[in-house]
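Chemist: Okay, here's what each chain looks like letter by letter:
Protein chains: 2
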Amino acid sequence: MSVSTIPAPKLGERLCENGFEHPKILPAIDDAHGGVIVDLNEPMDPQHFATLLRSSLLHWNLKGKHGVWIKLPINLVNLVETAVKEGFWYHHAEPSYLMLVYWIPQTGCTIPINASHRVAVAAIVLNQNKEVLVVQEKRGRFHGIGYWKLPTGVVDAGEEVFAAAIREVKEETGVDTEFVEILAFREVQNSFFGKSDLSFLCMLRPLSVEIKKQELEIEAAQWMPFEEFAVQPLTQKHEPFKYVVELCLANVEEKFYTGFSPRPVSSYFEDQLNYLYMNSNELDKSS
Amino acid sequence: MSVSTIPAPKLGERLCENGFEHPKILPAIDDAHGGVIVDLNEPMDPQHFATLLRSSLLHWNLKGKHGVWIKLPINLVNLVETAVKEGFWYHHAEPSYLMLVYWIPQTGCTIPINASHRVAVAAIVLNQNKEVLVVQEKRGRFHGIGYWKLPTGVVDAGEEVFAAAIREVKEETGVDTEFVEILAFREVQNSFFGKSDLSFLCMLRPLSVEIKKQELEIEAAQWMPFEEFAVQPLTQKHEPFKYVVELCLANVEEKFYTGFSPRPVSSYFEDQLNYLYMNSNELDKSS
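Protein chains in written order, with the UniProt record's numbering: chain A, 1 to 287; chain B, 1 to 287.
None of these hints come from the bench; they were simulated from the model.
You can take every hint at face value.
Just a few of them, taken from the derived set where beta-carbon distance is under 7 Å, the chain B residues facing chain A:
| id | residue |
| --- | --- |
| 1 | V84 |
| 2 | E160 |
| 3 | Y277 |
Positions of the beta carbon are idealized from the N, C-alpha and C atoms, including for glycine.
Pulled out of the complex, with its shape left as it was, chain A reads as follows (with noise of 0.2 Å):
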């Protein structure tokens, strides 16, 4: 059903405040590109909405504003119908809410694009006697074919690689590491709804022994001695994952090979902490 076939007036004068009173716009923060961000947290009737959408364009175009951002926490679902009869259209949605987007030029629309990538973490933890901390997982593609396999997970959205690194292997295993660094990376293309997925292969140095498994996700864990790992079929016929062996003798036996570690730097612009992955060893040892 369309909103623009219920009489806009009607609805209009219920909800202004003032029978006499127009329509106001809706509150909107400037963002730092020209453009507006409206952030809805109260509920409102749909043909309101509308009526406060319209008149907000008009004001905003006057002022030259370029993109209009809509942030809809998902309470107010009933509005995402109008908001794209109006123009706009989707640029992101979390569970809580849904984001929309509209471009007032003419000239060419300049919407930054959504999050197009997963970024994920392999962990190599390696202790002094030559096993690596391996699972089995209760799910997945790697379930029920015996495959022991390294610990791995997702980064979250405002968290280090590094630390999900740490993260990741502590949740899985029970065993607490400090990181070494990056061996490796690759990109996996469309691995879910035509989104692509950067996995980092780190190195990491167990600080502790026990292994407590996580219940939910993981079958079983366990030191295994890295010839038994590298030998596995799987091991042997995915290309990917001979490298991973390769990589890890040649960082950890031979001692010729060095990857990327994290170097804290500060930031001019962010006003955060940031850290540089880069081949510290090459560049330390120059010095």
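Dock chain B against chain A, hints included.
Modeler: Positioned in the frame of chain A, the structure of chain B alone reads:
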């Protein structure tokens, strides 16, 4: 307006081809994790959708299904409110569709998270005269301050990091390049709406000289003596930019620094060619 105020039987009858027929279930395909995916394309009355959705959820529950995904193209925006009222929440959205999700079992939900990162590239293109390819943008935080910056851009979903670097240089400056390696990368947390950027510093070799700048985003582009680029106040002030200069010199001038370069690897599961980014230089030297 809540759809539940519309009397259900009337609309239900209207849409059933056979007046005596009970509501069918929504067309769905199984996913690889014990769930189902509904990919709706045909317009539907919200009340009929609600009826179908309820009977479908009962059916999938009996079948022991876990996650239920509903992909709604933006032209079916009139069904979003209904899905949310039936207990669905947002998973992700792209300009053309919204993905909703529901978890049937009583046990812990293992719906994977949405994409959390944008992946960006910054390109160092250095010619044999020790000139670096730099630009000034028409918008953004470097606009209007006279800073000559490296060409940068965002990696599309489904695009390799190295391919994005080559594409962005070509788009912004018209210069053809070949990819050499990734010198470093960093994560910039909360760069937009709580999402993070993962930004790769890429070294490329120019294959052409003539500059044809892109009109929409680029104010100016030039080949600039590397020393001039390095002594710009912002390069000196901003720690990550100082590392750009240091790593570039270590890599090109003094030749002791190596980054990660892409190596094609087959993929056992995905039936696609992946690239593993690693310190190929060190690995090859040893063998």
